[in-house]
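Q: Now for the letters of each chain:
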Amino acid sequence: MSLPSRRAHPLVVRLTHWVNAVAITLMVGSGWGIYNASPLLPVRFPPWATLGGWLGGSIAWHLAAMWLLAGNALVYLGYGLASRHLARDLLPVTPRSVLADLRAALRFQLPHQPGHYNAVQKLLYLMVLGFGALAVVSGLVLWKPVQLHGLAWLLGGYPVVRWLHFVAMSGIVGFVAIHLALVALVPKTLPPMITGRAR
Amino acid sequence: MTPHERRALRDAHRPQLARLQRRMLLHGGLSLGAVALLSGCDDDALSGDGALDRMLRSMSRFNDRVQSWLFDPRRLAPTYAASQITRPFPFNAYYGIDDVPDIDPDGWKLELSGLVADRTPWTLARLRTLPQESQITRLICVEGWSAIGQWSGVPLGRFLQRIGADLTARYVGFRCADKYYSSIDMASALHPQTILTLDFAGDPLNGAYGAPLRLRIPTKLGFKNPKYIQALFVTNTYPGGYWEDQGYNWFSGS
Chain Y
74 MSLPSRRAHP LVVRLTHWVN AVAITLMVGS GWGIYNASPL LPVRFPPWAT LGGWLGGSIA
134 WHLAAMWLLA GNALVYLGYG LASRHLARDL LPVTPRSVLA DLRAALRFQL PHQPGHYNAV
194 QKLLYLMVLG FGALAVVSGL VLWKPVQLHG LAWLLGGYPV VRWLHFVAMS GIVGFVAIHL
254 ALVALVPKTL PPMITGRAR
Chain R
34 MTPHERRALR DAHRPQLARL QRRMLLHGGL SLGAVALLSG CDDDALSGDG ALDRMLRSMS
94 RFNDRVQSWL FDPRRLAPTY AASQITRPFP FNAYYGIDDV PDIDPDGWKL ELSGLVADRT
154 PWTLARLRTL PQESQITRLI CVEGWSAIGQ WSGVPLGRFL QRIGADLTAR YVGFRCADKY
214 YSSIDMASAL HPQTILTLDF AGDPLNGAYG APLRLRIPTK LGFKNPKYIQ ALFVTNTYPG
274 GYWEDQGYNW FSGS
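Listed in order, the protein sequences are those of chains Y and R. By the numbering used here, the letter at position 23 of the first sequence is numbered 96, and the numbering carries on one by one without gaps. By the numbering used here, the letter at position 110 of the second sequence is numbered 143, and the numbering carries on one by one without gaps.
For reference, chain Y alone in the conformation it holds in the complex:
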């Protein structure tokens, strides 16, 4: 079976992508505000990059936007499994293919085919999905450390889970930085994520 060749991204993927972009922005901005109330590292995020104005505002944003994030993720994962988008477009990914594509990419010799992910893209997307899952699971434990204390224990206890949540955020923010840099480098990839059609 082959999709129409000019169709780069299905509607559900585009919609959930942009809803996710909003949700991640809200979660990271408010999360940085919460972090600043009791930093894990001897650094704080600049107040202009935080959302909420004060701890209470940041928490309110974080615990409101989590529903947007989770609901959107369920739609994406449900669609991705049912349509086989995940299995077809993100798998398989082998170390050999990643190395080959990474070498080509660093020499600017990796062609961009709309609607087809190269091995480096696949790896990055799978990694950010993993960081997203870690963020959700660790976030649930931070929200409900007593009701979910079995899960808290499995993950190493409340103080460790704060770090896991921070690591997950760092992974997601790192992904977004690479993702945006690549879009800036290859701007023709942006319109298909809006219209779904490749030029």
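It is worth saying that the hints were derived from the structure and are not from the lab. Careful, some of the hints might be misleading.
Quick list of the computed label-pair ranges, beta carbon to beta carbon [to be verified]: (1) R:P225 - Y:W226: 19 to 27 Å; (2) Y:H185 - R:A84: 49 to 57 Å; (3) R:A84 - Y:L163: 32 to 40 Å; (4) Y:P232 - R:V99: 21 to 29 Å; (5) R:A220 - Y:I251: 45 to 53 Å; (6) R:T201 - Y:G230: 30 to 38 Å; (7) R:A220 - Y:V233: 27 to 35 Å; (8) R:P237 - Y:G230: 26 to 34 Å; (9) Y:W226 - R:R161: 33 to 41 Å; (10) R:D82 - Y:G151: 33 to 41 Å; (11) R:G129 - Y:G230: 46 to 54 Å; (12) Y:W226 - R:T201: 46 to 54 Å.
SDA-like cross-link-like pairs, simulated, lysine to any residue; straight-line CA separation at most 20 Å [stated by the list, open to error]: (13) Y:K217 - R:G240; (14) Y:K217 - R:F104; (15) R:K142 - R:L163; (16) Y:K195 - Y:K217; (17) Y:K217 - R:Y113; (18) Y:K217 - R:M92; (19) Y:K217 - R:P111; (20) Y:K195 - Y:Q182; (21) Y:K217 - Y:L207; (22) Y:K217 - R:R107; (23) Y:K217 - R:T112; (24) Y:K217 - R:L223; (25) Y:K217 - R:F256; (26) Y:K217 - R:G255; (27) Y:K217 - R:L109; (28) Y:K217 - R:I181; (29) Y:K217 - R:D97; (30) Y:K217 - R:K142; (31) Y:K217 - R:L163; (32) Y:K195 - Y:W140; (33) R:K142 - R:G255; (34) Y:K217 - R:S101; (35) Y:K217 - R:M219; (36) Y:K217 - R:P106; (37) Y:K217 - R:G177; (38) Y:K217 - R:D218; (39) Y:K195 - Y:R157; (40) Y:K217 - R:A220.
Quantities reported herein were computed from a predicted structural model and do not represent experimental measurements. The beta carbon of each residue, even a glycine, is placed where N, CA and C say it ideally should be.
Put chain R on the given structure of chain Y with help from the hints.
A: Just chain R now, with coordinates in the frame of chain Y:
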């Protein structure tokens, strides 16, 4: 507390005090915050009338309902060994340690009001005649830090039964000597680990930790554990709280 002890505790918790001061600064400078900008420059994120403030408040009420549904009255907070207790235990309040209330324990009485059959005020000595429970649990602050401490006192559920409180009422509220106030849902009030605390680490509560009486409720965040309690009431009218009225989520269950 001797002045020396007070100084030692203050030095140990200087970062928290600095944080507190920063928080007050931030709070005062809210109009610069992103929410305020988006919602039309309210003075106070969440207590304003902008559409975003109203949306955030209704989401917070939705989260209250979700948490009340998630709350399992039989699920116990994890307990720890005495060797795991955090020493020194952090002092935390909305003011500095030099401003903690200094209450004469002999003149103190717990005032009772609301949906309570017997409103006779309770002295400390009388509270100590009731069966006591002890726990070593983790106090988790809304700011993210946490610390393990040992508290003991009268289980609130047993106390509410003793005073003939209406256990079908929705809220139990507290008013404190430091103008702090808070309230909890009845299901959490009846949880076996929710205790009217008289002792901290085996000794009567001292000035930094809420003497003469505080609430210890390990199924909720730290700010739902009011200190320097003077009055307890049972009601069906939403009582709010010091931080809750400024925008912290009311249920704030753990």
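Q: Evaluate each hint against the coordinates.
A: Hints, one by one, checked against the model:
| no. | hint | in the structure |
| --- | --- | --- |
| 1 | R:P225 - Y:W226: 19 to 27 Å | holds, 20 Å |
| 2 | Y:H185 - R:A84: 49 to 57 Å | violated, 41 Å |
| 3 | R:A84 - Y:L163: 32 to 40 Å | holds, 38 Å |
| 4 | Y:P232 - R:V99: 21 to 29 Å | holds, 25 Å |
| 5 | R:A220 - Y:I251: 45 to 53 Å | holds, 47 Å |
| 6 | R:T201 - Y:G230: 30 to 38 Å | holds, 37 Å |
| 7 | R:A220 - Y:V233: 27 to 35 Å | holds, 29 Å |
| 8 | R:P237 - Y:G230: 26 to 34 Å | holds, 30 Å |
| 9 | Y:W226 - R:R161: 33 to 41 Å | holds, 35 Å |
| 10 | R:D82 - Y:G151: 33 to 41 Å | holds, 38 Å |
| 11 | R:G129 - Y:G230: 46 to 54 Å | violated, 31 Å |
| 12 | Y:W226 - R:T201: 46 to 54 Å | violated, 34 Å |
| 13 | Y:K217 - R:G240 | violated, 30 Å |
| 14 | Y:K217 - R:F104 | holds, 9 Å |
| 15 | R:K142 - R:L163 | holds, 15 Å |
| 16 | Y:K195 - Y:K217 | violated, 33 Å |
| 17 | Y:K217 - R:Y113 | holds, 18 Å |
| 18 | Y:K217 - R:M92 | holds, 17 Å |
| 19 | Y:K217 - R:P111 | holds, 12 Å |
| 20 | Y:K195 - Y:Q182 | holds, 17 Å |
| 21 | Y:K217 - Y:L207 | holds, 15 Å |
| 22 | Y:K217 - R:R107 | holds, 15 Å |
| 23 | Y:K217 - R:T112 | holds, 16 Å |
| 24 | Y:K217 - R:L223 | holds, 19 Å |
| 25 | Y:K217 - R:F256 | holds, 16 Å |
| 26 | Y:K217 - R:G255 | holds, 14 Å |
| 27 | Y:K217 - R:L109 | holds, 12 Å |
| 28 | Y:K217 - R:I181 | holds, 17 Å |
| 29 | Y:K217 - R:D97 | holds, 13 Å |
| 30 | Y:K217 - R:K142 | violated, 35 Å |
| 31 | Y:K217 - R:L163 | violated, 31 Å |
| 32 | Y:K195 - Y:W140 | violated, 27 Å |
| 33 | R:K142 - R:G255 | violated, 24 Å |
| 34 | Y:K217 - R:S101 | holds, 12 Å |
| 35 | Y:K217 - R:M219 | holds, 19 Å |
| 36 | Y:K217 - R:P106 | holds, 14 Å |
| 37 | Y:K217 - R:G177 | holds, 13 Å |
| 38 | Y:K217 - R:D218 | holds, 17 Å |
| 39 | Y:K195 - Y:R157 | holds, 15 Å |
| 40 | Y:K217 - R:A220 | holds, 16 Å |
When held up to the earlier numbered hints, the structure conflicts with 2, 11, 12, 13, 16, 30, 31, 32, 33 and fits the remainder.
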